[in-house]
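Chemist: Listed here are the chains, written in short residue letters.
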Amino acid sequence: MLFGIEWDTSSTLAFAMSIIPILLVGGITTIKATVIGFLLAMVLGLVLAGLKGMPVKIISWPASFVLEFLRGTPLLIQLFFVFYVLPQVTGWLIPAFVAGAIALALQYSAYCAEVYRAGIEAVPYGQREASRALNLPPLHTFTYIIIPQAIPRVIPALGNYVVSIIKDTPVLSAITVLEMLSAASIIGDRTFNYMVPLTIVGAMYLILTVFAATLVRIIDAALPKQGIPLK
Amino acid sequence: MDWLNYLELLLPGIWVTVQLTIYSTILGAIFSFAFGLGKLSNNWLIKLPSATFVEIFRGTSLLVQMFWLFYALPIIGHAIGIDARIPPIIAGILALSANIGAYGAEVVRGAVLAVSKDQYEAALAMNFTPRQTLWRIALPQALPEMMPPFGNLAIQNLKDTSLVSLITIADMAFLAQRLRNLTADSITIYTIVLFLYFFMSLFLAYLMGLLAKRIGTWRSTGRS
Numbered sequence: 025m026l027f028g029i030e031w032d033t034s035s036t037l038a039f040a041m042s043i044i045p046i047l048l049v050g051g052i053t054t055i056k057a058t059v060i061g062f063l064l065a066m067v068l069g070l071v072l073a074g075l076k077g078m079p080v081k082i083i084s085w086p087a088s089f090v091l092e093f094l095r096g097t098p099l100l101i102q103l104f105f106v107f108y109v110l111p112q113v114t115g116w117l118i119p120a121f122v123a124g125a126i127a128l129a130l131q132y133s134a135y136c137a138e139v140y141r142a143g144i145e146a147v148p149y150g151q152r153e154a155s156r157a158l159n160l161p162p163l164h165t166f167t168y169i170i171i172p173q174a175i176p177r178v179i180p181a182l183g184n185y186v187v188s189i190i191k192d193t194p195v196l197s198a199i200t201v202l203e204m205l206s207a208a209s210i211i212g213d214r215t216f217n218y219m220v221p222l223t224i225v226g227a228m229y230l231i232l233t234v235f236a237a238t239l240v241r242i243i244d245a246a247l248p249k250q251g252i253p254l255k
Numbered sequence: 005m006d007w008l009n010y011l012e013l014l015l016p017g018i019w020v021t022v023q024l025t026i027y028s029t030i031l032g033a034i035f036s037f038a039f040g041l042g043k044l045s046n047n048w049l050i051k052l053p054s055a056t057f058v059e060i061f062r063g064t065s066l067l068v069q070m071f072w073l074f075y076a077l078p079i080i081g082h083a084i085g086i087d088a089r090i091p092p093i094i095a096g097i098l099a100l101s102a103n104i105g106a107y108g109a110e111v112v113r114g115a116v117l118a119v120s121k122d123q124y125e126a127a128l129a130m131n132f133t134p135r136q137t138l139w140r141i142a143l144p145q146a147l148p149e150m151m152p153p154f155g156n157l158a159i160q161n162l163k164d165t166s167l168v169s170l171i172t173i174a175d176m177a178f179l180a181q182r183l184r185n186l187t188a189d190s191i192t193i194y195t196i197v198l199f200l201y202f203f204m205s206l207f208l209a210y211l212m213g214l215l216a217k218r219i220g221t222w223r224s225t226g227r228s
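Chains as they are written, first to last, in the numbering used here: chain A, 25 to 255; chain B, 5 to 228.
Same shape as in the complex, but just chain B (with noise of 0.2 Å):
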């Protein structure tokens, strides 16, 4: 029974894939709605960041980031004399976190001008302020058609965690890559790892369904 011995050697990866996932998806999001807010705002001082944010790190590859973040940045410290040297589990859950709330960012802009037109009128009809409007009248019908894309999301995430093994974090694909040098073992190795995200994925897309669901049904008892 190869392939048991193989899972038990894994398992602190599958931990920290795990751990990634999580905290880049909660962070992410966090950003998607600061930054896709933002980037509504009528004041061109959060506009503008929030936007050059978004465009540069859905512009610019996931890679990239994470070796920008993890070798680039420390070096800049360096020359304006502080100590930028991060470790690379945080560097990683930024990157990660920055790109996928960059996407993130995209989805909540568009759900919130999705929201009619006319339900703006009323709110302004009645006297709402803008931070009312926004808080009880465009988000609550705007976050539900966020839930699908978000879902997507985050399975998007949960695959790219395994580029943080490129900057020397022991996930599930270091693991694997070190197990292999090991043992030369590459098909049954690979295989498990394969079919350890492909599980992941679907309990991920499960999870998100069920949020999903969630905040359709509070969202149709808010209505009546």
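Just chain A, same shape as in the assembly (with noise of 0.2 Å):
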């Protein structure tokens, strides 16, 4: 019994039905694990896209070092080190699921910074060249000209992200947050049948990316392709 649902061991088909909605209620661990770690993520990754890109060194290169720093690393031991280390030196008391949301949003901050600077950079350079000779100042020229052009460039490469962020959860199990994937072992655990739970969560994930890879596609094609303005 997991999750106050019984399973039937009876024959393999009635194992496998019994065990999809354990599995399934681990799949809503998954999925806010993906949501929280992403939109953190993103929050995280512009701010330091920002501080990398500050014309001071003093602050663009502690930036650019922690970016390096944060992609160098794998997430397991970044999500070890949110979970121990963290609650050791500040005091706090940080649960399982938000040390992984942290841990999640840290190693993709990384790379959605990375995103938003090849977004930024692939806007045509005549672009700037026309604001100036109009004689816009430099701040309307990134709110109103760079940035409006850079968001339908920047959104399928985050999509992408979104769905490797989803397959980068059950890493989250190492920390014991119950999720699909620690759901599957400890059925398996119980019933000597790892065989049924694991093949189900594989093709859920199967599922889970692909329903999010399309959505990725729709959401790209629906973009206005000249630019979305910020108003």
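Simulated from the structure, these hints should not be mistaken for lab results.
Each hint should be verified, as a subset may be incorrect.
[As the list claims (entries may be wrong)] Across the chosen pairs, the derived CB separations fall in these ranges:
hint: 1; chain 1: A; residue 1: Ser188; chain 2: B; residue 2: Gln136; range: 50 to 60 Å
hint: 2; chain 1: B; residue 1: Phe132; chain 2: A; residue 2: Val49; range: 54 to 64 Å
hint: 3; chain 1: A; residue 1: Arg214; chain 2: B; residue 2: Arg135; range: 49 to 59 Å
hint: 4; chain 1: A; residue 1: Gly77; chain 2: B; residue 2: Ile86; range: 31 to 41 Å
hint: 5; chain 1: B; residue 1: Trp19; chain 2: A; residue 2: Ile82; range: 56 to 66 Å
hint: 6; chain 1: A; residue 1: Leu48; chain 2: B; residue 2: Pro152; range: 51 to 61 Å
hint: 7; chain 1: B; residue 1: Ile26; chain 2: A; residue 2: Ile179; range: 34 to 44 Å
hint: 8; chain 1: A; residue 1: Ser34; chain 2: B; residue 2: Ile86; range: 20 to 30 Å
Glycine included, every Cβ here is placed at the ideal spot set by N, Cα and C.
Dock chain to chain to rebuild the complex, using the hints, since each chain is given by itself in its own frame.
Modeler: What follows is the structure, encoded as structure tokens:
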């Protein structure tokens, strides 16, 4: 029994049908971690990209080091760091799920920052020159000319990272977050049948990522390619 | 000097991580070419399995694949009467390289498709066989284009090796976890491990950069 749902081991099919609801309950945690982790990553990535873009070296250098560091270290170790080290240093009690979301956000903020930078750089240089010729102040050039054109370039790349964050959520099982994979392992531990739950979990991830990828494609197709005004 | 002691105790794990990275990157590269070119084939018997492989390993989570190979495969083997129990290290390498190979297959496919159409027409006009077109025209031009994404994948792979600690392989992450259980000194241990991974990925990026440069020069001399 897990999440108050009993399983039925009389036959493989009955077993599979009886554990699907349990895995779906775990799937809710997976989706929650994905959404929270990604929203945090988008914001943190924006901050880091902004700091890295600063013309002052004292700010931009540490920011680019942090970005490199976050990208060069594994999610699992960042996860352990947040879960075991942060409470020791700060004295806060961090629940496993929160630690997981923070670690996902840290890892993906580095990727998001890179996406923002690439999106802004992909706006043709002529646009900047034209705004300068029209005597637009730099701030307005950025908010009215560059950003609106960068958004449609950024969104498909961010969407790909949503898909890959979904696939990284099982790592959270290492710090006792009860999501889809850990639910499947617990069922396996108790019934001595790993094959059925693990195969179903694999299929569920496939469905989830295909669904997310299709959603990203639809959003991307619906975006106006000339840009989105910030109003 | 606590951290020097820790480093000494982590040393065997570093070696395991390095080995895992090397083996799975090489096997992953082989998978990339096999399935990437397989997906481009006109023969359905080759195209369909390649596309399925790529979709399955790109669409599911690496950790799930590892658990599946390690826990579920022996049960299937038992059901059909063969001993499919594979040692954890093999399960780890297989899952890592299949995963990275599926991503690499898309890179290979994209780079081969990106070779300009005129090149294929010219090859056809010169009566090259399809095999010759692939080996002498398409791949030499596509290879330099593949190198930057391959470099990123290799680093991704290095980071992913940390997951093998969850299927009982004594790599860096595993030894760190064990040391933490013994000493309760999480701060020092995890800081060391983070920096070890960071330096390893910097070094790998440097190596892949060298390789990319080498392949780039080989192409330009080939063209002149």
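Chemist: Hint by hint, which ones does this structure get wrong, listed from lowest number up?
Modeler: The structure conflicts with hints 1, 4, 5 and 6, although it agrees with all the remaining ones.
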